[in-house]
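Peer 1: The lines below spell out each chain.
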Amino acid sequence: MEKRTTFSSTTIGILFALPMLVLIFVFFYWPSGQALYWAFTLEQPWGGGNTWVGLQNFRQLLSDPYYWGAISRSMVFGLGSTGIAMGVALLLALFTDRELRGHKAYRTIFIWPYAIAAPALGLAFRFILAPEAGFLSLINQIWPGLWNPALDGTDAMIAVIIAFSWKYIGYNFIFFLSALQSIPRSLIEAAAMDGSGPMRRMWDIQLPLLTPTLFFLLVINITESFQDSFGIVDIMTQGGPARATELMVYKIYFDGFKGLDYSGAAAQSIILMGLVVLLTIVQFRFIERRVHYK
Amino acid sequence: MVERTPIFNAICQIVLLIVLVTVLLPFVIVIVAATHDIRTVNTVPMPLVPGSDLFINLHEAWVRADLGRKLFNSLLFAGAVAAGKVLLSSMAAFAIVYFRFPGRSLMFWLIFVTLMLPLEVRIVPTYAVAANALAPFQAILNITGITWLVQTVAGLELKLEWGLLNS
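Just so you know, the protein sequences line up as chains L and F, in that order. If you're matching positions, the first sequence starts at 1 in the numbering used here and goes up one per residue. If you're matching positions, the second sequence starts at 1 in the numbering used here and goes up one per residue.
There is no bait here: all hints are sound.
Below, a list of computed lysine to any residue pairs in the SDA-like style, where the Cα atoms sit at most 25 Å apart: (1) L:K104 to F:V15; (2) F:K85 to L:L23; (3) F:K70 to F:T126.
Hints were generated in silico from the structure; no laboratory data involved. All of these numbers come straight from a predicted model, not from anything done at the bench.
Model the full structure from these sequences, guided by the hints.
Peer 2: Structure representation (structure tokens):
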């Protein structure tokens, strides 16, 4: 983060950052502070005050087996969708960067999935993956009962992971492609002149120079899989057959707005935020050291 | 690239084409579904050949959901948010990278942490803040005793209010 020329003026620096800081104070930290306060009280859903109960909400949550189930499902979802989205996007970016025939079309079209809003995406995928009326009904005609996300929890989780990964392949692809295109061509040509084939070049030159982008996308993908999955889960499965796709963020919404347990929802969101912060710290401590910056 | 690798090129093209089809498939299905009437859409499996009801369906959706106004609202919102984000973030990032002052790192993490808390739980307090955007500052003035001071010294009652939800 150290640049060669830095200014030493403190006031001007703070003035530049001030509008952003004021904005996030008013619209993020103040409401979050109130939500944090709610986590330690029992809030009445229709207003009228609250009673202080200390850590009772947290104790109740941590002894609830449904909550631990939601945590493990969120982890599975996060790892699965990040792995698929990043892996496929990396492959596509490496292949598109080779500039074979039609690469300009590939470049444009692979970004389109990210432009679709999560509810529209959930609806489209629900239509496609529906067991009787969708396109997978053909599979069900051959092996009856094989695919049914309305009855089978694993199928529902697979459906949600596929929908989410489809969208984020577009997001990751554009970052990988622009990072690949900023690698100087002279490096690759020098390696080719020394006799390494395309796969060896990808493994030894392009991949190590991509590590800053890989790290950034890992952090962002995992954070987004905890946050942005709400739209898809809400439209596709509403928490799934018997809570099979109830992720932490969906449980917050469900308990808070449908169950009218604002305090429990606030406590859950504190735990979710803590978990995401912990994961980010782990990534920054252990993975950032292996990133080769220029 | 620099050398001739026809087999690897062929593999690359096949992989790219397969993923292209996978990426475009939901778009195609949704567009084709928009061209059928309701009976054809519900047949199993839905025919992939486009029908003839595209403009009827579009007109119906536009009228029923009042899409003209909503698209305009979305456009305005997206444009303003994009402009605001780029402006504020570039200013803050410039300050964090190019200036040396204590609290630089803290500022970075303060801004980064805002990614982590989901929207769903802070939406109700955010609504309260939008109803009176100066409420945090009013609360700060109350707690530090400045309101009481101004009231006893000058007899003026400080009540900051800026309602964002009134019009």
